[in-house]
Every structure is written in C-alpha cells, then in structure tokens.
Amino acid sequence: MTTVRELVFGDEAGEVRAAERFAHDVSIAEAAVAAVSQALDFEVSDVVVWAWKTRSALLEAAHETRATPGLAREVTVKTYALPWDYEMHLDVVINGTRSATVKFVLSIALEITALAATVQDGQLVSLKSGRCKASASLEAEGRMLAEREMVLDLMAEVKVGDGIALIPEAVESPDDEPSQADRP
Amino acid sequence: MNPIVAFTLLAAGTARLAVPLSAPVQVHVYTSEVRVAPGGAVQEFTLDCKPGQSVLSGGFRHITPELRVVASYPSPAKAAWVVSAALPDRTPADLTLSVVCAEGDIRTAVKVATGDKLSVSTQCPQGTIVTGGGYSSGNAAFLGSYPAVGEGWAVTAISLPGNEIPNLTVYAVCASGAVRPAGAGMETLQVPASVQSPCPQTITPTTRGAPACGYIRSGGLEVPCEGTLVGGGYEVAEGQMPPFAIAGAGVSREAWQVTVNGRGPDNGPLSVRLIAICILLPEPDPVVVGPPIEPVAERDEVLPLIASSCVVAALLLALVLVMSARMRSRTRKGQQAQVAVVLRSHHSSFRLDEFREVR
Chain A
1 MTTVRELVFG DEAGEVRAAE RFAHDVSIAE AAVAAVSQAL DFEVSDVVVW AWKTRSALLE
61 AAHETRATPG LAREVTVKTY ALPWDYEMHL DVVINGTRSA TVKFVLSIAL EITALAATVQ
121 DGQLVSLKSG RCKASASLEA EGRMLAEREM VLDLMAEVKV GDGIALIPEA VESPDDEPSQ
181 ADRP
Chain B
185 MNPIVAFTLL AAGTARLAVP LSAPVQVHVY TSEVRVAPGG AVQEFTLDCK PGQSVLSGGF
245 RHITPELRVV ASYPSPAKAA WVVSAALPDR TPADLTLSVV CAEGDIRTAV KVATGDKLSV
305 STQCPQGTIV TGGGYSSGNA AFLGSYPAVG EGWAVTAISL PGNEIPNLTV YAVCASGAVR
365 PAGAGMETLQ VPASVQSPCP QTITPTTRGA PACGYIRSGG LEVPCEGTLV GGGYEVAEGQ
425 MPPFAIAGAG VSREAWQVTV NGRGPDNGPL SVRLIAICIL LPEPDPVVVG PPIEPVAERD
485 EVLPLIASSC VVAALLLALV LVMSARMRSR TRKGQQAQVA VVLRSHHSSF RLDEFREVR
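If you're matching them up, the sequences are chains A and B in order. According to this note's numbering, the first sequence is numbered sequentially starting from 1. According to this note's numbering, the second sequence is numbered sequentially starting from 185.
Derived by calculation from the structure, the hints in this document are not laboratory data. Treat each hint with caution, since some may be false.
Said to hold, decoys possible - Lysine to aspartate or glutamate pairs mimicking EDC-like chemistry, simulated, CA-CA at most 20 Å apart: (1) K78(A) / E422(B); (2) K133(A) / E422(B); (3) K133(A) / E419(B); (4) K133(A) / E250(B); (5) K53(A) / D537(B); (6) K133(A) / E217(B); (7) K133(A) / E538(B); (8) K78(A) / E538(B); (9) K133(A) / D278(B); (10) K128(A) / D537(B); (11) K53(A) / E410(B); (12) K78(A) / E410(B); (13) K53(A) / E541(B); (14) K133(A) / E406(B).
As the list claims (entries may be wrong) - Incomplete in silico selection of chain B near chain A, CB under 7 Å: (15) I313; (16) A368; (17) L373; (18) A524; (19) V525; (20) V526; (21) S529.
To be verified - Non-contacting residues of chain B with respect to chain A, defined by C-beta distances greater than 12 Å in every case (computed): (22) A207; (23) A261; (24) N323; (25) N347; (26) E371; (27) E419; (28) R457; (29) R540.
Using N, Cα and C, we set each Cβ at its ideal position, and we do this for glycine too.
Construct the entire structure; sequences and hints are all you get.
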C-alpha cells in the first residue's frame, strides 16, 4: 500500500532532491526532510477515507443505512475530488537551542473516478472499483520541495476488511483499536 | 515511404560483462511515415520491431483533420504495431506510425478482448505488467484508450450513425521479465475553445460520424515520466470529444504525446487526461571487465636493496599522512554543531470549497 511519503518523495533520491531544494546547509536540510518524511509515513488510503468521512455520497449512504438496519446501498460515483492540506511546524534546534521554526505545507489533491462501493450499517463494506489520481506537493516557506502524482487502484489500496466505519455511530465497539483511517 | 528512423531511449549494459547474468533490457522507438490514399477505404499499415525484439506499445500522429484512424493496436501475431486509417478526402495524407520495442530479458504477450458495449477492457495475467494497449473497430469512433485499473487496458468509444451496436476490440501488451512498473505520469490537456466556427448555424453529421463542419478543436500535450517511458494512453476527462479527433497518440522523443485535431459540435470545455506508462529496468551489472590486464613478465633479477628500502619508507610516510588527516577530520567533526529538527505542531484540513462529486 502506498504511503504519503512515497507519494511525495518517490524514493530516497526524492528526499535528497527535496533536501537540496530546502537549504544549502546539508545537515539542517537532511534533518528537516527526514523529520517531514517521518511525519508523512501514513497511507494515502487513509486520506481517501478521511475525505469520504468528511463529505461524500458514501457518508450520506452511511447515515441512511445506519438509520435503517439491514439496508445496503450501492453507491456509484463518477468523479470525486476533495483537496487536503497538511501543515507542519518544525523546530530547528542547533546545539540544544531552537534557532528557527519552519512551516511545511503538504497539499494532496485526490481525484477519484469510477467509484463503486457498498455501504451498510454506516460502514463501507465493499469496494468494487475505483481509481484515484493523487497529486502531492510539498512546500517549505513558499519554496516547492517536491511535487509528484500517482494513480492508485483503490481496491488494492483501501483495505475494507470487516468494514470501515464512516460515521462514529457505526464503530462496532469502543474497545476496538482505532484504525489508521480513524486518525484526525 | 521514408526510411525507418530509430532512436534508443535507454542503452544499458554496453560494457562487457565477465559473466552475463541476463541480457539487459533495451527499449527502442521506431517511426515510419506512410501515405494514406484518398477515397474513404480503410487502409492498414504495420510497423515491425526488429527480429528478436518484443513490442511494448505504439501509436501514430498526423496533421490532417479529415483523416480517421479507426484502429491502433499491437499485432497479436508478431512484434509489430498496426494502424488502420481512412481518408474520405480527395488528396492523400501523411501518417506517422510509431512502435516501441524491447530486447533483452523481457517477454510480452498481447491480450485481446471484444465487446459490444461502448467501453471494453481486458486484464493482463497475474505477474505481468501492462506496457501499452490499443483498439480496433469497424463501426465506432474511439474516445479513450488507456491503462485500466490494475494491470490492464480499457477503451471507450462512441457509436457512429447507423451502427448502434458497436463492435470493439481492446488489446493489452502484457510484459514479464526484468521489468517492473514505475507508476504513471499524468497530465490533463485542456483543449482550447476555437475562436470561430466555420458554419455555426447548422452542423450536419456525415454518414461516417464526424461533423462536416463545426468548431475546430485542437491542442496537444506531452507527459514525461520517471523511469523508462514505454507507452501511454488517454481518456476524455471533461467535455465532448469530436469523433476521430485524436490526431496523435504515441511516444515522441522522451515523452508520451497526445494531440487533438478535429471538428466538434460544440465549443464547450474539453479536457483529455494523458497517462504515460513508465517502467523500471534493472540497473546494469556494475561488474565491468576492463581491458585485459597484461601479464607481468617474470623477472629473474632481484631489486636492489636500496630500492626496496625506498619503497618501504615511502609507504610508511603515506601511512603517517593518512593517519594524520583522519585525526584532523575527527577533530573537526567533534566541533560541528549538533542539529536536530523536531515536529512541534501539525494540523490538517480539507478544502471543502473545492469539493466536487458527480454521481
């Protein structure tokens, strides 16, 4: 499954390029990009699910099916787009003293096409098709560090398992471990 | 016909290897210009790969709006790309064919599927990757030909007047061997609106589907990719694509290029998504055999003692210098500033004002 780190940087060479664009001081640049890279170590599919939980036909179907037990809704969406911004503030500490705070902004544009899914009891229970073009750009203080895009097969990326709760009421049990997709 | 022009995208492994483990993969693009005769008859042109090569993808390009490319696909029978076109005009037109071929540790097979719907797709067998694909039909105009979800190929078309049940064939080139996917490069071509229409009051479709006149829609875009470009596709992202308006879809220089040139019934927004297919080839084996080392002739004479002593002294001096340099380096490192970067805060938000959903 594809992580946001892979989407943004591609590989280690991508991180090196981003560091070179960020600062001339190699040690600071590498440390900063490494910290950002670590912060982006979550899956792109998590962002997709957060988007669906925020606004989508799937969310509407989740409310509808939760209100009518046993009802299953087949949801088809031709195109879906919801951009996401992730702002990170990193402190640069030199010899134990904070010398600067740098703002990094990650923007991810999700363009999902040909989505077909089933929602039941407020949960996404199956995904039959769907393709996601994810475009990411990473800026630091207005300077573009990395820009990439990928096409992802949602059926391979989104692990539906026993179902993904799209609304809080649909979470099976409060004792259940929160999934990656439940992160804010 | 002009002579075939060939250029190499990647030439790996030109060095001599001590023990060749596997033949490095090389990708070549060949192009050939042909002339389409007027009169409306469908003519088929084929561009072959060289012996021992496998076909990865192919395409075509032209600059004649009246030219109708009705098929562009990998030959299932041999390593070649086939393009069929018709020209219902009175003067001949030039058409450039292209084929992307590979040699080395790579094998390809063409998967074919047919259907009577306006979109048909096929999937490559497990363990293979799609490097290209194409289409053919006798009674439809193709609007899209692109990599499908997973490792496959999909085509979309519109019916032509009098042919309500389309008969589409989709082809996928499935590759295995020392290659793996490197993702897809994507760009969207916004086809500009035409500034004027040659006959805006009425638009009469001909029996062959394309309007006799209408709004001229033309534009083009190139998509590079990270890795080795082997092919690509396109699909309409928004708007109404005029029939037979794809005037080019193929590998050009080191980018996937698609051009639109046709007459359409409206002047509304029209955008075409371009998808470049990129693969990763294995790095050439770093073990390279240089020029053969001349055997050192055996010498009977013994070096004079004084010369040996000089050599030993020189070696000792070099050792002392190296140790001294390393000590200095360690000292400098110890004086370097300790740098740490820590995440202090973060927050995220969706841009709800840019939310779009079409059901």
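Do the hints match the structure? See the list:
For the given pair, K78(A) sits about 12 Å from E422(B) by alpha-carbon distance, which is consistent with the 20 Å threshold. Restraint check: the Cα-Cα separation between K133(A) and E422(B) comes to about 15 Å, which is no more than 20 Å; the hinted pair holds. At roughly 13 Å between alpha-carbon atoms, K133(A) and E419(B) fall within 20 Å of each other, so this suggested pair holds. For a cut-off of 20 Å, the pair hint linking K133(A) to E250(B) is broken: about 34 Å separates their Cα positions.
A hinted pair counts as satisfied when its Cα atoms are at most 20 Å apart, and K53(A) with D537(B) qualifies at roughly 16 Å. At roughly 35 Å between alpha-carbon atoms, K133(A) and E217(B) are farther apart than 20 Å, so this suggested pair is violated. For the hint linking K133(A) to E538(B), the alpha-carbon distance of about 16 Å falls within 20 Å, and the restraint holds. Distance check on the hinted pair: K78(A) and E538(B) sit about 17 Å apart at the alpha-carbon level, within 20 Å; holds.
Taking the CA atoms of K133(A) and D278(B), the gap is near 36 Å; set against the 20 Å cutoff, the hint is violated. Distance hint between K128(A) and D537(B) is unfulfilled; the C-alpha atoms sit about 28 Å from each other, more than 20 Å. Of the supplied pair hints, the one linking K53(A) and E410(B) is violated, its CA atoms being roughly 33 Å apart against a limit of 20 Å. Of the supplied pair hints, the one linking K78(A) and E410(B) is violated, its CA atoms being roughly 29 Å apart against a limit of 20 Å.
The suggested pairing of K53(A) with E541(B) holds, with an alpha-carbon distance near 14 Å, which does not exceed 20 Å. Taken as a hint, the K133(A) and E406(B) pair is honoured in the structure, with Cα atoms around 18 Å apart against an allowance of 20 Å. A hinted interface residue such as I313(B) counts as satisfied when its beta carbon comes closer than 7 Å to some beta carbon of chain A; here the least separation is about 13 Å, so the hint is violated. Satisfaction of the interface hint for A368(B) is found here, the shortest Cβ-Cβ separation to chain A being roughly 5 Å, below the 7 Å cut-off.
Taking 7 Å as the C-beta cut-off, the interface hint given for L373(B) is violated, the closest approach to chain A being about 15 Å. Given the 7 Å rule on beta carbons, the hint for A524(B) holds: about 4 Å separates it from the nearest Cβ of chain A. The closest approach between the C-beta of V525(B) and any C-beta of chain A is roughly 4 Å, which is under the 7 Å cut-off, so the hint is satisfied. Residue-level restraint check for V526(B) holds (minimum Cβ-Cβ distance to chain A is 5 Å; threshold 7 Å).
Nearest Cβ of chain A to the Cβ of S529(B): about 5 Å, under the 7 Å cut. The hint holds. In this structure A207(B) is separated from chain A by more than 12 Å, as the shortest Cβ-Cβ distance comes to about 26 Å. Listed as outside the interface, A261(B) is consistent with that label: its C-beta sits roughly 31 Å from the nearest C-beta of chain A, beyond the 12 Å cut-off. The claim that N323(B) is not at the interface with chain A holds, since no C-beta of that chain comes within 12 Å of its own (minimum 25 Å).
Remark: the non-interface label on N347(B) is consistent with the geometry, its nearest Cβ contact in chain A lying 26 Å away (cut-off 12 Å). Residue-level check failed: E371(B) sits 9 Å from the nearest beta carbon of chain A, not beyond 12 Å. A cut-off of 12 Å between C-beta atoms contradicts the statement that E419(B) is not in contact with chain A; the least separation is 9 Å. Under the 12 Å C-beta cut-off, the non-interface status given to R457(B) relative to chain A is violated; the minimum distance is some 8 Å.
With 12 Å as the threshold on Cβ separation, the claim that R540(B) sits away from chain A is violated: the shortest Cβ distance comes to roughly 4 Å.
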